[in-house]
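Whole structure, please, built from the sequences with the hints as guidance.
Taking our numbering, the leading residue of the sequence shown gets 945, the next gets one more, and so forth.
Source of the hints: derived by calculation from the structure; they are not laboratory data. A portion of the hints provided could be inaccurate.
Label pairs and their computed distance ranges (CB to CB) [stated by the list, open to error]:
#1 1027 <-> 1060: 50 to 60 Å
#2 1041 <-> 977: 22 to 32 Å
#3 984 <-> 1053: 35 to 45 Å
#4 1077 <-> 970: 53 to 63 Å
#5 1049 <-> 1105: 33 to 43 Å
#6 1094 <-> 990: 40 to 50 Å
#7 979 <-> 1016: 12 to 22 Å
#8 1105 <-> 979: 47 to 57 Å
#9 1047 <-> 1094: 24 to 34 Å
#10 1080 <-> 959: 51 to 61 Å
#11 1109 <-> 1087: 28 to 38 Å
#12 1101 <-> 1040: 33 to 43 Å
We put the CB at the ideal spot given by N, CA and C, even for glycine.
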Amino acid sequence: MNRWCRNRHSRSLKRRITQLTESALRYARELQQQNWRSFCDQLAGALTTKRAWHILLKLMGPSPSKTATNQDIALLIHNHRKHPAQLLSTLRQRLFPTPVTPPHHPDYQWVQNPDLDAPFTSTELLQALAKLARNTTQGHDQVTYKLLRNLDGEHLEALLKCYNDH
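Below you can see the structure in the form of structure tokens.
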């Protein structure tokens, strides 16, 4: 730091500092990608956990704190220090995105399919109940999958009738 204060106009020193800054940025990006990959590997197969959903919500939404916003702005300015015009275009794209016109899809041409329109059978219901995940929590109706799997024949028929009627 003392050398920088004494030799502020030294080209070789400025060039060396620029090289060190660029190599530090490259290393930071590489480390960030490596950490992201290891984080994704940890989440693989655990998407039903509470932690995974909190992380997804955090990734989807903007950060509400002033500190995080200031850090984002500082990073944006730092990344576009050499090209201020690019900074303006990046801000314009981020704050005022161009409206995307939805693609035109032709209307669905319905064809009658007796296999798909047929009511569910008891065998299909039993297979679906057997494939249910065992490590999930009950919903708002307080019905667990374990309870559904242990239904007797009479109640299974009532459940099947309910599915087929609605």
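Exercise. Can you name, in rising order, the numbers of the hints this structure does not satisfy?
Worked result: Going through the list in order, the structure violates hints 4, 6, 9, 11 and 12 and respects the others.
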